[in-house]
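Since each chain sits alone in its own frame, please combine them into the complex, following the hints.
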Amino acid sequence: VSDASRVLIVGASLAGLRTAESLRSNGFEGRVTLLDAESALPYDRPPLSKQFLAGTWDAERIALRVPGDVELLSGRRALSLDPMSRSVTCDDGTTHRADAVVIATGALPRRLSGAQNVHVIRTMDDSVALRERLVEGISVVVIGGGFIGSEVASTAHSLGCRVTVIEALPVPYERVLGAEMGRQCASLHERNGVPLLCGVGVEAIDEGSVRLTDGRVIVADVVVAGIGVSPATAWLDDSGIHVDNGVQCDESLRALMVDGSTSESVWAVGDIASWPNALFPLGDSAPERMRVEHWTTAAEMGEFVGQQIAATLGDLSADRGEAFTTIPYFWSDQYGSKIQFIGRATHADEVRVVEGPDDQGRLLALYRRGDRLSGVLGISRMKALMGYRAHLANQALWADVL
Amino acid sequence: MKIAVDFDRCQSNALCMSAAPEVFEVRDDGFLYILIEEPGEEHRITVEEAARLCPTQAITIEA
Chain D
29 VSDASRVLIV GASLAGLRTA ESLRSNGFEG RVTLLDAESA LPYDRPPLSK
79 QFLAGTWDAE RIALRVPGDV ELLSGRRALS LDPMSRSVTC DDGTTHRADA
129 VVIATGALPR RLSGAQNVHV IRTMDDSVAL RERLVEGISV VVIGGGFIGS
179 EVASTAHSLG CRVTVIEALP VPYERVLGAE MGRQCASLHE RNGVPLLCGV
229 GVEAIDEGSV RLTDGRVIVA DVVVAGIGVS PATAWLDDSG IHVDNGVQCD
279 ESLRALMVDG STSESVWAVG DIASWPNALF PLGDSAPERM RVEHWTTAAE
329 MGEFVGQQIA ATLGDLSADR GEAFTTIPYF WSDQYGSKIQ FIGRATHADE
379 VRVVEGPDDQ GRLLALYRRG DRLSGVLGIS RMKALMGYRA HLANQALWAD
429 VL
Chain Y
-18 MKIAVDFDRC QSNALCMSAA PEVFEVRDDG FLYILIEEPG EEHRITVEEA
32 ARLCPTQAIT IEA
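Protein sequences appear in the order of chains D and Y.
Our numbering puts the first residue of the first sequence at 29, with every later residue one more than the last.
Our numbering puts the first residue of the second sequence at -18, with every later residue one more than the last.
These are computed hints drawn from the structure, not numbers from a lab.
Warning: the hint list may mix true and false statements.
Said to hold, decoys possible - Estimated spans, in silico, between C-beta atoms of each pair:
#, chain 1, residue 1, chain 2, residue 2, range
1, Y, PHE(-12), D, GLY121, 28 to 38 angstroms
2, Y, GLN38, D, ALA68, 15 to 25 angstroms
3, Y, GLU3, D, VAL163, 45 to 55 angstroms
As the structure is a computational prediction, the values presented were derived from the model and not from experiment.
Just so it is clear, CB atoms sit at the ideal spot from N, CA and C, and this is done for glycine as well.
With the rest of the complex left out, here is chain Y (with noise of 0.2 angstroms):
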């Protein structure tokens, strides 16, 4: 699957990241980064979460 992150209207609260650690990451600097732009469907179920707690609505999950 691919993940888009609208990075304009991510505001850093890093519920993604503790959904799905392997593929979010809000380093100290304040962003989100990226560690997988398309993880495997064995990461579906966290990224799906992560998308749905994301308190902007960030994330899509493109196909």
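For reference, chain D alone in the conformation it holds in the complex (with noise of 0.2 angstroms):
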């Protein structure tokens, strides 16, 4: 590896930072330069709806750590990107050259077209201007009953907050984890006293209240959106890079270009990412394509490019032949319940219920695609759903785990 040889990472979260640990602990010696939009030094964002939001958690204690031997700069937003001279323009006017790129600036949090004062959490900045409304005894709706609105609403609830919650589909979670098990994890709410209204959408946020399309008006002292996010992509339009819900990238993370090439140069990680995880397939063969927004994952691919970057920084165009797998997990803190998901919920063949509910809503439950076990939901049932964590890695059978 030459000393001159340099990787740029547009993105300074946590997939990002970890591709820079991970480039130094796999030997890189290069320059190693980490670009963030964001002027706030590196932190991690679980914390922000829950034990940040709470004021339990200060912002030193969800610091990420910055490699003392990477360059962080921060404050400056990636506006273009050149796969060919690999080079990232910034809002500052600065252009950036190094030999690999890593795409790592994951999403942006969705918003309520036309609607004023309506809270999101995504940054840091954000959950502090939630936090300093959150005072006991206000009123507050939670438009989007997902894994973030319903944080928002435990933490809210837990500060004395009169909380309530609103969901456009029938049933939250139901196109993450199916109706019957969206049910159970949603039951959380009701089980603590917070309402949940579902199958209804916002027609306007007053002044003071929400209206909903039903007619129906909820008083809202703070409202807050929490309805998912897109991936930040915007700055790649004219790059050449294939975006498709993200950036589409080859098994090892490369970034696949429009015209089905695959770069040489250009990795991306994290939320952004989009590619096929083998560990997945769907039918006899393919792998499910997935773009995932979970925090191991993040992790994962970061630590993942490092090594590979590491080792072909040399001969970019060598084809390691390596494919990054893994199996997604995310987990959810509400109302001292943890909710847990590993592995994959789409595509479900069966979702067989095999411990519980019990009468605080703890429970385990199986997810079938074909004859494989594909995914484990557990509420409250740590131990129990990690057990199942080898059979994902070795693509059990059904059969077997029952």
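Take a look at the structure:
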């Protein structure tokens, strides 16, 4: 590895930082530069809707460590990428050239069109702004009963706010977990005295209230939207990188180009990367292409790409033939319960509850795809759930895990 | 090697247990128990994986 070589990582959140760490731990001695749009030092996002929002953890506690021998250029937004010259131009007019570029710009929260004064949670600033409003006794309406919305609802409830959750779908989490398990997870709201209104949209957000499409008006001193995120790909529009629900990558996380070729020097990691995960085949052969917005996947992708670049920078076109595979994992802490999912819930042919639900909602459910175990959902069944991780890694037969 | 867990950070995700079940156990009470405080070198690979996987970065390996 030549000392003159340089890796440019665009985005200094978890996936970008892990890429930098991995480059160093795999012996890369060239220059490593992280570019980030935010001016805050890198931090971890999961606490933003939980401990940090509640005020029990401070900024120092959620800080992510930046390796000492890595250059961090924060407060500058990438505006464009030229894969041929491997250069990135930022909003301060600077252009940065490198031998390899890693796209790690993550995702941006969706916002309600035309609505003012609606909070979202994605950045530390978002969480601070909402925290200042969450005073005991006020009314909070959370639009979106997914994981982020539910965690915000749980945190606001714990701070003594009067919380109502509005969900447009008939059942929250339905697209993620299926209807029956979605209902089980969503039951945590009502078990804890937080009203959940489903199958209804928001007509208007007025001063002090939210008007629903069915005519109901809900008092709201504070409105929060947790309606999902979109991959932050706008800056790649003219780059020739193939963008379709994120950056389309090959199995080793190298970016694909619109002309169908594979980039020799651009990778993508984290929430923005879509890739075929060979651990989860669809039908008989082809791996499921997925884009995963989970902490552990972002960390593992960064580690993998750092290793790949460190190993191949002397010969960027070398096809290492290595594929990134992972067992997706996510968790959500709400009202003292822990929802966990390991594997994939999509394309499930069957969901079978094997434990519970008990009087506190604790349960364990297995997801089947074809003749294999494809995923496991747990509500406060941490030990039992993790026992299935090895089965997922081994692509265990359904019949063998029952 | 010596393992240190910041129990204030630990949120019992139990990924450590899936990586190194001989060292980490999250029991049904929801708490993490360390089964071997100073595991031998033969556990290094799995303990390092546990530390890497931990989504709250609660595990550090001291020496």
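Going through the hints against the structure:
1. PHE(-12)/Y <-> GLY121/D: 28 to 38 angstroms: violated, 48 angstroms
2. GLN38/Y <-> ALA68/D: 15 to 25 angstroms: Since the Cβ atoms of GLN38/Y and ALA68/D sit about 18 angstroms apart, the hinted range of 15 to 25 angstroms holds.
3. GLU3/Y <-> VAL163/D: 45 to 55 angstroms: holds, 48 angstroms
Hint compliance for this structure: hint 1 is the single one not met.
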